[in-house]
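Student: Throw the hints in and build the complete structure from the sequences for me.
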Amino acid sequence: MGKTLVEKIWEKHVVRSIEGGPDVLYIDKHLIHEVTSPQAFAGLEKRGIPVARPQQVVATADHNVPTINQHLPIREELSRKQVEKLIENCANHGIELYGLGHRYQGIVHVIGPELGFTQPGMTIVCGDSHTSTHGAFGSIAFGIGTSEVEMVLATQCLMQSKPKLMRINVEGELAKGVVAKDIILYIIAQISASGATGFFVEYAGSAIRSLSMEGRMTICNMSIEMGARGGLIAPDQTTFDYVQGRTFAPKGEVWDKKLAEWKELYSDADAQFDHEININAADIEPMITWGTNPGLGIGINDAIPTTETLSEGEKRNLKKALEYMGLQEGKAIKGMPVQHVFIGSCTNSRIEDLRLVADVVKGRRKNDNVKVMIVPGSQQVAEQVRAEGLDKIFEAAGFEVRQAGCSACLGMNEDKVPAGEYCISTSNRNFEGRQGAGARTLLASPLTAAAAAITGVVTDVRELLG
Amino acid sequence: MQPIRIVHSTFVPLPLEQVDTDQIIPARFLKATTRDGFGKNLFRDWRYEADDETKPKKDFVLNNPLYRGEILVAGKNFGCGSSREHAAWAVLDYGFKVVVSSFFADIFKNNALNNGVLPVQVSEGFLQQIFEQGPDATLTVDLEAQTITIDATGAHEQFEINNYKKTCLLNGYDDIDYLLSMKSEIEAFETARN
Ligand code: SF4
Numbered sequence: 001m002g003k004t005l006v007e008k009i010w011e012k013h014v015v016r017s018i019e020g021g022p023d024v025l026y027i028d029k030h031l032i033h034e035v036t037s038p039q040a041f042a043g044l045e046k047r048g049i050p051v052a053r054p055q056q057v058v059a060t061a062d063h064n065v066p067t068i069n070q071h072l073p074i075r076e077e078l079s080r081k082q083v084e085k086l087i088e089n090c091a092n093h094g095i096e097l098y099g100l101g102h103r104y105q106g107i108v109h110v111i112g113p114e115l116g117f118t119q120p121g122m123t124i125v126c127g128d129s130h131t132s133t134h135g136a137f138g139s140i141a142f143g144i145g146t147s148e149v150e151m152v153l154a155t156q157c158l159m160q161s162k163p164k165l166m167r168i169n170v171e172g173e174l175a176k177g178v179v180a181k182d183i184i185l186y187i188i189a190q191i192s193a194s195g196a197t198g199f200f201v202e203y204a205g206s207a208i209r210s211l212s213m214e215g216r217m218t219i220c221n222m223s224i225e226m227g228a229r230g231g232l233i234a235p236d237q238t239t240f241d242y243v244q245g246r247t248f249a250p251k252g253e254v255w256d257k258k259l260a261e262w263k264e265l266y267s268d269a270d271a272q273f274d275h276e277i278n279i280n281a282a283d284i285e286p287m288i289t290w291g292t293n294p295g296l297g298i299g300i301n302d303a304i305p306t307t308e309t310l311s312e313g314e315k316r317n318l319k320k321a322l323e324y325m326g327l328q329e330g331k332a333i334k335g336m337p338v339q340h341v342f343i344g345s346c347t348n349s350r351i352e353d354l355r356l357v358a359d360v361v362k363g364r365r366k367n368d369n370v371k372v373m374i375v376p377g378s379q380q381v382a383e384q385v386r387a388e389g390l391d392k393i394f395e396a397a398g399f400e401v402r403q404a405g406c407s408a409c410l411g412m413n414e415d416k417v418p419a420g421e422y423c424i425s426t427s428n429r430n431f432e433g434r435q436g437a438g439a440r441t442l443l444a445s446p447l448t449a450a451a452a453a454i455t456g457v458v459t460d461v462r463e464l465l466g
Numbered sequence: 001m002q003p004i005r006i007v008h009s010t011f012v013p014l015p016l017e018q019v020d021t022d023q024i025i026p027a028r029f030l031k032a033t034t035r036d037g038f039g040k041n042l043f044r045d046w047r048y049e050a051d052d053e054t055k056p057k058k059d060f061v062l063n064n065p066l067y068r069g070e071i072l073v074a075g076k077n078f079g080c081g082s083s084r085e086h087a088a089w090a091v092l093d094y095g096f097k098v099v100v101s102s103f104f105a106d107i108f109k110n111n112a113l114n115n116g117v118l119p120v121q122v123s124e125g126f127l128q129q130i131f132e133q134g135p136d137a138t139l140t141v142d143l144e145a146q147t148i149t150i151d152a153t154g155a156h157e158q159f160e161i162n163n164y165k166k167t168c169l170l171n172g173y174d175d176i177d178y179l180l181s182m183k184s185e186i187e188a189f190e191t192a193r194n
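Same order as they appear, the protein sequences are chains L and W. If you read the first sequence in our numbering, its first letter stands for residue 1, the second for the next number, and so on. If you read the second sequence in our numbering, its first letter stands for residue 1, the second for the next number, and so on.
Simulated from the structure, these hints should not be mistaken for laboratory data. The model shown is predicted, which means the values in this text are computed figures rather than measured ones. You may find that some hints are simply not true.
[Said to hold, decoys possible] 35 Å max Cα-Cα, derived DSBU-like pairs, lysine-lysine: (1) W:K183 / L:K8; (2) L:K162 / W:K183; (3) L:K164 / W:K55; (4) W:K57 / L:K320; (5) L:K319 / W:K58; (6) W:K57 / L:K81; (7) W:K55 / L:K315; (8) L:K416 / W:K57; (9) L:K46 / W:K40; (10) W:K31 / L:K162; (11) L:K46 / W:K31; (12) W:K58 / L:K320; (13) W:K97 / L:K164; (14) L:K362 / L:K331; (15) W:K58 / L:K416; (16) W:K40 / L:K81; (17) L:K320 / W:K55; (18) L:K8 / W:K166; (19) W:K55 / L:K319; (20) W:K97 / L:K320.
Tutor: In structure tokens:
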């Protein structure tokens, strides 16, 4: 019987299989950031042991950093201390840090791929659930907790049980105005926020193949929002072209050797999956969420679902979500006013996302009632934005262009949405309070976010694309 | 890590589904560089009005003196969302040793196990039976036997846990000790693949 892509990669990384327990899995690359690493370093110190393979670790400061005046010391004391702790830990243990002020600084899941640190066939971990993003390159990439960060720092290994495998095939052509974000929001709405728990998901099919690396990253990024341990896409020419020539990408003979290995990374035709789902790309509309988990999404022209036919438990949950969001069941979502638009996060802050936004807003101006914030995913993306003159388009539209970081995706720094106000966000979570206590988040694609910025209300972007 | 064998206690019911990690511990409390003190911010935004500790929300279960104990019982998909281990630290620091749900998010489950908090996954039906109990009802969780019992009715269910993790919890061992003992095996693995 053939093997799945996950099995092929997994088997190459098993150091030991524990009887009746997990596998000891070797980790190729480890990304760290300021929020989930300090307690792990403290643990190492307590045990009196060094970092095992510092050259396989890369660090950045992203979650907690301000997105304006990054050249100044961080004003908020606890945030500053956390970032200083990262600097100290990296210096003590010989870990490369792309901190504030470094031209490679940015959101951990944006810089890994853009630096070529992320490559096909690898095992990659980070103390962050959206590590699944890196699966877009055909790697096994998943988020871990701080105890596990400590394990990987100490031993370059992790204990993991082999996951169940799911394949999601998206076949056909996407309609105009429908992009990668809509595909993944559609999938999560279909299978729910827990529909893939315990699984690794392989995305396949012609609609997935046709996506750029940026689009594939958006899809894999949100795998965790349906509970999956990770998501991945078999590497192909699109992948190889993206990786080649990047800072940490293999060069010369090593490249040739690696490329030959990478070309073997696909699920065999007769490989078995524990579960398989087929989706017709043509069924997907621009999506938007109305509730407080990413599974509560609908097509932009649909009505918010009604709760009548649901079980008691579900009814209670949906009513709670509706109440928090200040929305009513059965009502349309299109036309609803929003006060904020946030374009950023590891889901949608790459250059291609920002180009999509620029296409919509070029020559237009934002609605007076909306505040619009654009936060590029990394310093390199920000540089590219300037090089292409997109910053001029955004400024002329009345958008505020910030410096790289997680920003209002999780509201750890000052970038927050005030209580009770609505924000269309290109990020990945609409949990209660995610963007600030009481904030109400509607998740959507960069195109849909851009359209709302112009009109001030939830809008079907196709009406603006003409 | 504290070993766990038998937990016999009253429980705190939280009959909500999809309790995500941003509710368990909101992001603004993730700025600490130690593992201590997260319990006081557990479910912070459900617990207090306007983020004010002097204004507990009366209808939230942690503010109801009738409910207490070492076991938290919640609806399905508990702990979904971020990988923040701070969520497990907050649950532990508040005083819970066991979390019962009909479904756990993976990363939370791992984080809990790595901190000596036992996630007990039960059927939806059994979960509802627990929710029907009053505030004085007790549950007994026996890790060795892998059972959870509603003491008043005697109703019980078997739960799953992998053998390796079970041994770790029973003895209070953690994975790092195990991995560190494999140093030369790991090095041999590295040499072989290069
Ligand atoms: S952008 Fe948001 S989701 Fe992504 S790593 Fe940062 S906080 Fe997490």
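Student: All hints are to be evaluated individually against the structure, with a verdict given for each.
Tutor: Hints versus structure:
no.: 1; hint: W:K183 / L:K8; in the structure: 24 Å, holds
no.: 2; hint: L:K162 / W:K183; in the structure: 22 Å, holds
no.: 3; hint: L:K164 / W:K55; in the structure: 45 Å, violated
no.: 4; hint: W:K57 / L:K320; in the structure: 16 Å, holds
no.: 5; hint: L:K319 / W:K58; in the structure: 20 Å, holds
no.: 6; hint: W:K57 / L:K81; in the structure: 32 Å, holds
no.: 7; hint: W:K55 / L:K315; in the structure: 28 Å, holds
no.: 8; hint: L:K416 / W:K57; in the structure: 23 Å, holds
no.: 9; hint: L:K46 / W:K40; in the structure: 25 Å, holds
no.: 10; hint: W:K31 / L:K162; in the structure: 33 Å, holds
no.: 11; hint: L:K46 / W:K31; in the structure: 21 Å, holds
no.: 12; hint: W:K58 / L:K320; in the structure: 17 Å, holds
no.: 13; hint: W:K97 / L:K164; in the structure: 28 Å, holds
no.: 14; hint: L:K362 / L:K331; in the structure: 32 Å, holds
no.: 15; hint: W:K58 / L:K416; in the structure: 27 Å, holds
no.: 16; hint: W:K40 / L:K81; in the structure: 21 Å, holds
no.: 17; hint: L:K320 / W:K55; in the structure: 21 Å, holds
no.: 18; hint: L:K8 / W:K166; in the structure: 29 Å, holds
no.: 19; hint: W:K55 / L:K319; in the structure: 24 Å, holds
no.: 20; hint: W:K97 / L:K320; in the structure: 28 Å, holds
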